[in-house]
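Those protein sequences? They're chains B and R, same order as listed. Position 89 of the first sequence, counted from 1, bears residue number 89 in this note's numbering, the numbering being contiguous throughout. Add 111 to the 1-based position in the second sequence for this note's numbering, that's all there is to it.
Worth flagging that the hints you see were computed from the coordinates, not collected in a lab. A couple of the hints might just be wrong.
Claimed, not checked - Pairs of lysine-lysine, PhoX-like flavour, derived with a Cα cap of 20 Å: (1) R:167 - R:188; (2) B:11 - B:104; (3) R:222 - R:188; (4) R:179 - R:165; (5) R:210 - B:65; (6) B:57 - R:210; (7) B:11 - B:57; (8) R:165 - R:188; (9) R:210 - B:104.
To be verified - Output of the computed footprint for chain R on chain B, the stretches with three or more beta carbons under 8 Å from beta carbons of chain R: (10) 36–46; (11) 80–94; (12) 103–111.
Quick caveat, the model's predicted, so the values are computed rather than measured. For each residue, glycine too, the CB sits at the ideal point set by N, CA and C.
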Amino acid sequence: EAAVTQSPRSKVAVTGGKVTLSCHQTNNHDYMYWYRQDTGHGLRLIHYSYVADSTEKGDIPDGYKASRPSQENFSLILELASLSQTAVYFCASRTGRTEVFFGKGTRLTVV
Amino acid sequence: GDSVTQTEGQVALSEEDFLTIHCNYSASGYPALFWYVQYPGEGPQFLFRASRDKEKGSSRGFEATYDKGTTSFHLRKASVQESDSAVYYCALGGANTGKLTFGDGTVLTVKP
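Chain B extracted, bound-state conformation:
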């Protein structure tokens, strides 16, 4: 079974502070993704990566940066957290034409 591990599982951040969400996969997958889920809505793609040291913008990249230092690790960075970034964030991975595997999510609350 594919494994995608996110840390932390929940976090409270202060407005204007820096937040880093981490993701680790043991699947040897090429592609990794960061999605955001807001209450009552589906998931929206923030950033993705298909190879280490390279990232691509998704559908809602503003206010977020991503970093892929190795094939296994993919981070999402909020340089200046804002109230509107309160949400649940999901990391996912995939290789070839397989299904996309999601982590359990990180609940971020910005106060």
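Fit chain R to the known structure of chain B by using the hints.
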């Protein structure tokens, strides 16, 4: 851009009822279509996919048929169980990048 519309935001059924969740999509080209299920405290889990017109995907008693003519991929199950209670997402995706565009989800509640 690409989009997915799920008509029902919430569905409440009793065990052994028939389930239909409507999904319509708008996309250029020929996307793959997916159904995902999400349980509380978990990430979405792949249910099944279909990649071409008239192809039927199925898993765990759920099924949906890709219909390019009506741009639909409706989820159906003949007899739901309480354990099917969850949020169901329809999604479309690019075959190469695997990027997914999700609908807003449908909360299914099944009463015993």
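Worksheet item: Given the hinted pair residue 222 (chain R) and residue 188 (chain R), is their alpha-carbon gap at most 20 Å?
Response: holds, 15 Å
Fill in: chain R covers the region 80–94 of chain B, three or more CB atoms within 8 Å, holds or violated
holds (count 3)
Worksheet entry | Cβ contact check, 8 Å cutoff: the region 36–46 of chain B against chain R, three residues minimum | Holds, because 6 residues of the region 36–46 of chain B bring their Cβ atoms closer than 8 Å to Cβ atoms of chain R.
Discussion item. Between the alpha carbons of residue 57 (chain B) and residue 210 (chain R), is the straight-line distance 20 Å or under?
Written reply: holds, 11 Å
Practice prompt. Quickly compare the C-alpha distance for residue 179 (chain R) and residue 165 (chain R) to 20 Å and report which way the hint goes.
Written response: Roughly 8 Å separates the two Cα atoms, so the pair holds.
Item to complete: Examine the region 103–111 of chain B for residues whose CB is less than 8 Å from any CB of chain R, and state whether their number is three or more.
Response: holds (count 3)
Worksheet item: Does residue 65 (chain B) lie within 20 Å of residue 210 (chain R) when you go C-alpha to C-alpha?
Response: holds, 18 Å
Item to complete: Measure nothing beyond the straight line between the CA atoms of residue 165 (chain R) and residue 188 (chain R); if it is 20 Å or shorter, mark the hint as holding.
Response: Since the Cα atoms of residue 165 (chain R) and residue 188 (chain R) sit roughly 18 Å apart, the hinted pair holds (cutoff 20 Å).
Item to complete: Take a quick look at whether residue 11 (chain B) and residue 57 (chain B) sit within 20 Å of each other, Cα to Cα.
Response: Measuring from Cα to Cα gives roughly 24 Å; hence the hint is violated.
Worksheet item: Is residue 167 (chain R) within 20 Å of residue 188 (chain R), Cα to Cα?
Response: holds, 13 Å
Worksheet item: Do the alpha carbons of residue 210 (chain R) and residue 104 (chain B) lie within 20 Å of each other, as the hint requires?
Response: Answer holds: residue 210 (chain R) to residue 104 (chain B) is near 18 Å, not above 20 Å.
Worksheet item: Does the alpha-carbon distance linking residue 11 (chain B) and residue 104 (chain B) stay inside the 20 Å limit?
Response: holds, 14 Å
The structure fails to meet hint 7 from the earlier list, while all remaining hints are met.
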